[in-house]
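The listed protein sequences correspond, in order, to chains A and B. Those letters in the first sequence? Residues 1 to 225, by full-length UniProt numbering. Those letters in the second sequence? Residues 1 to 225, by full-length UniProt numbering.
Accuracy of the hints is not assured; some may be wrong.
The list treats identical chains as one, so a pair stands whether inside a single copy or across any two.
[To be verified] In silico DSSO-like pairs for lysine-lysine, Cα to Cα no more than 30 Å straight-line:
1) K40 to K105
2) K177 to K35
3) K217 to K85
4) K115 to K133
5) K115 to K180
6) K222 to K40
7) K214 to K146
8) K185 to K40
9) K26 to K201
10) K222 to K138
11) K146 to K176
Note that these hints are calculated values from the structure, not bench results. In this text, all values refer to a predicted model and were calculated from it rather than measured experimentally.
Number of protein chains: 2
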Amino acid sequence: MKPAHRKIEAPRVTVDIVIFTIEEAKLKTLLIKRKFDPFKNIWALPGGFVRSKEDIYAAALRELSEESGISGVYLEQLYTFGSPKRDPRGRVITIAYFALASRQKLRIRSASDAKDAGLFSVDDLPRLAFDHKEILEKALERLGNKIQYTNVLWSLLPEYFTLGDIQRVYEIIWGKKADKRNFRKKLLSLGLLKPIGKLRKGLRRRPARLYQFKTKKYVELKRFF
Amino acid sequence: MKPAHRKIEAPRVTVDIVIFTIEEAKLKTLLIKRKFDPFKNIWALPGGFVRSKEDIYAAALRELSEESGISGVYLEQLYTFGSPKRDPRGRVITIAYFALASRQKLRIRSASDAKDAGLFSVDDLPRLAFDHKEILEKALERLGNKIQYTNVLWSLLPEYFTLGDIQRVYEIIWGKKADKRNFRKKLLSLGLLKPIGKLRKGLRRRPARLYQFKTKKYVELKRFF
Numbered sequence: 001m002k003p004a005h006r007k008i009e010a011p012r013v014t015v016d017i018v019i020f021t022i023e024e025a026k027l028k029t030l031l032i033k034r035k036f037d038p039f040k041n042i043w044a045l046p047g048g049f050v051r052s053k054e055d056i057y058a059a060a061l062r063e064l065s066e067e068s069g070i071s072g073v074y075l076e077q078l079y080t081f082g083s084p085k086r087d088p089r090g091r092v093i094t095i096a097y098f099a100l101a102s103r104q105k106l107r108i109r110s111a112s113d114a115k116d117a118g119l120f121s122v123d124d125l126p127r128l129a130f131d132h133k134e135i136l137e138k139a140l141e142r143l144g145n146k147i148q149y150t151n152v153l154w155s156l157l158p159e160y161f162t163l164g165d166i167q168r169v170y171e172i173i174w175g176k177k178a179d180k181r182n183f184r185k186k187l188l189s190l191g192l193l194k195p196i197g198k199l200r201k202g203l204r205r206r207p208a209r210l211y212q213f214k215t216k217k218y219v220e221l222k223r224f225f
Numbered sequence: 001m002k003p004a005h006r007k008i009e010a011p012r013v014t015v016d017i018v019i020f021t022i023e024e025a026k027l028k029t030l031l032i033k034r035k036f037d038p039f040k041n042i043w044a045l046p047g048g049f050v051r052s053k054e055d056i057y058a059a060a061l062r063e064l065s066e067e068s069g070i071s072g073v074y075l076e077q078l079y080t081f082g083s084p085k086r087d088p089r090g091r092v093i094t095i096a097y098f099a100l101a102s103r104q105k106l107r108i109r110s111a112s113d114a115k116d117a118g119l120f121s122v123d124d125l126p127r128l129a130f131d132h133k134e135i136l137e138k139a140l141e142r143l144g145n146k147i148q149y150t151n152v153l154w155s156l157l158p159e160y161f162t163l164g165d166i167q168r169v170y171e172i173i174w175g176k177k178a179d180k181r182n183f184r185k186k187l188l189s190l191g192l193l194k195p196i197g198k199l200r201k202g203l204r205r206r207p208a209r210l211y212q213f214k215t216k217k218y219v220e221l222k223r224f225f
């Protein structure tokens with residue numbers, strides 16, 4: 001680091017949060033409609049400035065709670081975006097996070113700086129403010145990867161689910177169908193799930209075993225080697 | 001984001017870079033000895049403030065070049081560290097990067113803010129300034145993972161190498177021996193390498209095929225599914 005007396009125009013620092021949920025068989029994200037310029041009336045990711053004495057992860061948790069009423073969900077630092085032109089007001093560097101929340105947990109409300117808030121399918125987004133489209137694309141890529149070798153989906157699914165349920169979630173996130181036999185074999189071989197010893201019975205379908213994640217503590221599996 | 005007129009004490013933003021190389025069969029990282037307070041005379045990761053109109057990736061490239069004379073190597077954003085207490089001077093958020101460089105490419109020199117610079121084995125580090133130990137640990141973890149499903153090792157190895165050479169690099173990074181047969185089978189199955197059709201002959205060893213990475217463009221392999 002250069003000596004502190006060297007004059008540097010300090011940038012401002014924000015956190016922005018991509019909150020993923022599943023609703024009506026679609027992967028959706030929470031957006032807020034901006035009440036103020038720049039990008040007044042344009043949809044944006046929820047977020048805000050990091051406070052002077054606040055840890056950045058704490059800032060992300062605070063924004064998550066303020067904007068969607070949720071806590072206790074999976075929240076991960078995604079990437080920091082720092083192009084000098086990304087905010088017309090001046091230099092703003094943003095630390096992006098992503099969160100996974102079941103639809104039941106999300107309470108959608110407009111914070112004081114928002115005109116409106118809503119869930120949007122990631123396949124059918126409105127125009128987004130700033131570089132938020134780029135942030136969302138990065139989050140989608142990370143999510144698509146992470147569900148292959150971690151247990152983060154516990155945060156998107158209800159407590160108990162069938163293998164059919166979880167396969168649909170994978171298919172929705174990846175945007176493509178998976179072969180049932182292969183998928184189940186691979187998924188169970190990861191060792192992240194356990195059967196709870198109960199069946200879900202439906203009128204028009206065969207009873208299906210219910211599963212849950214063995215733990216909600218973060219698990220990252222070894223890969224090729 | 002909150003309206004711009006809300007008063008926020010702006011943090012300062014730095015980039016810090018973990019530069020990995022291999023020397024004498026050890027994974028090493030470049031450290032600089034700080035010339036100024038805080039942490040005067042303590043070793044630290046190379047880095048510095050992001051300039052007002054500079055992209056953060058450009059800042060990392062600039063620091064990399066200033067501190068080690070290298071360019072054209074693999075450089076990736078690692079993680080952003082933003083504990084409010086990490087710098088005794090006040091609020092400084094740092095965006096950490098990591099780079100991989102073959103020893104031949106590295107020119108070690110002291111920048112104007114450093115008293116000294118040198119390579120240190122990651123297994124035998126001096127006391128580090130700030131939270132740089134934590135940053136280094138995160139970088140080590142990322143590196144250990146990334147070499148399992150990407151081609152980033154092109155940047156740490158010479159242009160041509162034997163499977164024995166690259167196995168040693170994996171073993172050095174992971175800090176453990178690998179079974180030769182299994183390792184080779186798995187490594188070649190990734191499809192990242194190609195034989196160049198030449199052998200390396202040695203006086204005291206059997207001739208060994210030389211390989212190179214198929215591309216230096218970033219490749220990330222699919223994982224379990």
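Now for the hints, and whether the structure bears them out:
For a Cα distance limit of 30 Å, the shortest separation of K40 from K105 inside one copy, 28 Å, qualifies, whereas the shortest one across copies, 49 Å, does not. In this assembly of identical chains, K177 and K35 lie within 30 Å of each other by CA distance neither inside one copy nor across copies; the values are 39 Å within and 58 Å between. In this assembly of identical chains, K217 and K85 lie within 30 Å of each other by CA distance solely across copies; the values are 27 Å between and 38 Å within a copy. Only within a single protomer do K115 and K133 lie at most 30 Å apart by alpha-carbon distance; the minimum there is 20 Å, versus 44 Å between protomers.
In the homo-oligomer, the alpha carbons of K115 and K180 never lie at most 30 Å apart, since the shortest distance is 43 Å inside one protomer and 62 Å across protomers. For the homomeric pair K222 and K40, neither the shortest alpha-carbon distance inside one copy (45 Å) nor that between copies (40 Å) is at most 30 Å. Taking identical chains as interchangeable, the C-alpha atoms of K214 and K146 lie at most 30 Å apart whether they share a chain (17 Å) or sit on different chains (26 Å). Proximity of K185 and K40 under a CA criterion of 30 Å is satisfied in neither setting, with 49 Å inside one chain copy and 56 Å between copies.
For a Cα distance limit of 30 Å, the shortest separation of K26 from K201 inside one copy, 24 Å, qualifies, whereas the shortest one across copies, 58 Å, does not. Taking CA atoms no more than 30 Å apart as the test, K222 paired with K138 passes in both settings, with 23 Å inside one copy and 16 Å between copies. With identical chains, the CA atoms of K146 and K176 are at most 30 Å apart both within one copy (17 Å) and between copies (26 Å).
Going through the hint list in order, the structure does not satisfy hints 2, 5, 6, 8.
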